[in-house]
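> One letter stands for each residue in the lines below.
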Amino acid sequence: MTMISDDTDRICNALRFSSYFCAWPQEDIITLATLCKWRRIEADTILIDAGEKASSLYLIVNGHVELSYADGDGAGGVIDLLENGQLVGECALAQDGCYAVTVRTLERTTVIEIDGQGFSAFLAEHFDRALTMMSALTERLCRLLRQAEELKCLSAAQRLGIYVLADAVPVDGAYETPLTIEKGVLARKLGMKAETLSRALKKLSEIGVSQIANGRVMRIEDPEALAAWCGLSDGDTEEGGENAFKTAV
Amino acid sequence: MRSRPLSDDDRAILAEVPLLAALGEDRFGRLVRGCRVEFHERGTHLFRAEDIADHFYVMLSGQLRLVRTSAQGVETVMHFLASPGAFAEAVSLAGRPYPVNCEVVHDSEIATIPRESYLEVLRTAPEVAGDVLSGLLEWERFLMREIYRLRHANPLQRIAFFLLDFEDRQRENAENDGQDIDYPEKRQIASRIGMTAETFSRSLRKLENMNFIGKGRNLEILDRPALEKLARSG
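So the sequences go chain by chain: A and B. By this note's numbering, the letter at position 237 of the first sequence is numbered 237, and the numbering carries on one by one without gaps. By this note's numbering, the letter at position 210 of the second sequence is numbered 459, and the numbering carries on one by one without gaps.
Quick caveat, the hints were computed from the structure, so don't treat them as lab data. Computed from a predicted model, the values in this text were never measured in an experiment. Just so you know, not all the hints are guaranteed correct.
[What the hints assert, rightly or not] Under the rule of at most 30 angstroms between Cα atoms (straight-line distance), these lysine-lysine pairs were calculated in the DSS-like manner:
id: 1; chain 1: A; residue 1: K37; chain 2: A; residue 2: K53
id: 2; chain 1: A; residue 1: K152; chain 2: B; residue 2: K464
id: 3; chain 1: A; residue 1: K152; chain 2: B; residue 2: K478
[As the list claims (entries may be wrong)] Just some of the chain A residues that point at chain B, by a computed CB distance under 10 angstroms:
id: 4; residue: W38
id: 5; residue: E125
id: 6; residue: F127
id: 7; residue: M134
id: 8; residue: T180
For every residue, glycine included, the Cβ atom is placed at its ideal position computed from N, Cα and C.
Whole structure, please, built from the sequences with the hints as guidance.
In structure tokens, the structure reads:
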């Protein structure tokens, strides 16, 4: 029997609940855990610097990080915000790869740091696991593609509506979404200014979306109507039960 | 559909594709031995969104566009493929449905690689999985750059970025060196860079008045350094 330390134990648990690794057999999770470190990072800390040699991947266990992209001569801006369960720094799997984005913690954040070289060697010996990583990366590409499409085609209020729908849960005959990030951060995540977010919230109030609990929770009276207004198809939201909106989004 | 065997030039293009180069010469040779080049006529579809991606492709010549169609039927151009290179490889390796329609804009020559054949060869060389993943990461960089520009670049910058990138990619193709650049239709470009037709027309007029691009029906860059400066600084 393999003896594992407390740290390895909690890393295994976190990996097992991550969508990237949940289908992996137990022995592979334990092997992967030996390549990992449990790390707590203070708020406003640069975790990854764009352009630097990529040596590690990071799985976010608890907290939020902001991704910034720099184009050409160094001008840059926020392109996304990631939270629990998401992976950054896959460039570390490539030989001599460099990070493409800068990643900064927005709050005290717990991550699992995965050694890139070791992980790459592991994947070279475990073809099926390499395929699951390709699949996870493809999922990420499809998400980025949808994000680009939303930025091209949807208004700020529609993008906010989709964000609110994604995490909505049924409460007392309506749906509610807790806002786990500050409004300024939410605006940056959705690619809009703070004043545009305020206007978008006002617009959504006309479609039955109200702010309760001092603005920390969004209440949706008619999620189907909101989904239709945001351009999600009926078929997408009719199937899938409780997670239908998340699936559709 | 007409088809022909791969020529030496075709093989040279395929050998440059990161996903195929990673296999090494012998495995590459084994994979492409039976490959043929298919001719696809303008106006046809190579694949449609939601079809299972059981192939990936290498465009050898022509022009394609990748289009998303919303639930309401609104079409958005996500990308133009106008120079030789692979596409649909990520969704194919993951065995997922294609996320876009692929339409043939100009008659195109395309080599088709079956997913299963590729995976069969890759299984004999799992040590190159990291290189294959890094090939897919190029698409991640492309999409992150897209999102950055959609969020942070103004309309003039977006047009400048598009014209410069498109010209660069066409010039990479040796056959196009010194020839006029065959830009897509203006309304298609507007869709590609996330602009309404009105904003696009207004912005084009501004660039014409600044003498950065030529006036008239066909797009033409007149002052590349000025356009580059505009793209970088706004």
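> Look at each hint and say if it fits the structure.
Verification of the hints:
no. : hint            : result
1   : K37/A / K53/A   : 19 angstroms, holds
2   : K152/A / K464/B : 26 angstroms, holds
3   : K152/A / K478/B : 24 angstroms, holds
4   : W38             : 25 angstroms, violated
5   : E125            : 7 angstroms, holds
6   : F127            : 4 angstroms, holds
7   : M134            : 5 angstroms, holds
8   : T180            : 22 angstroms, violated
Checked against the numbered hints listed earlier, the structure breaks hints 4, 8; every other hint is satisfied.
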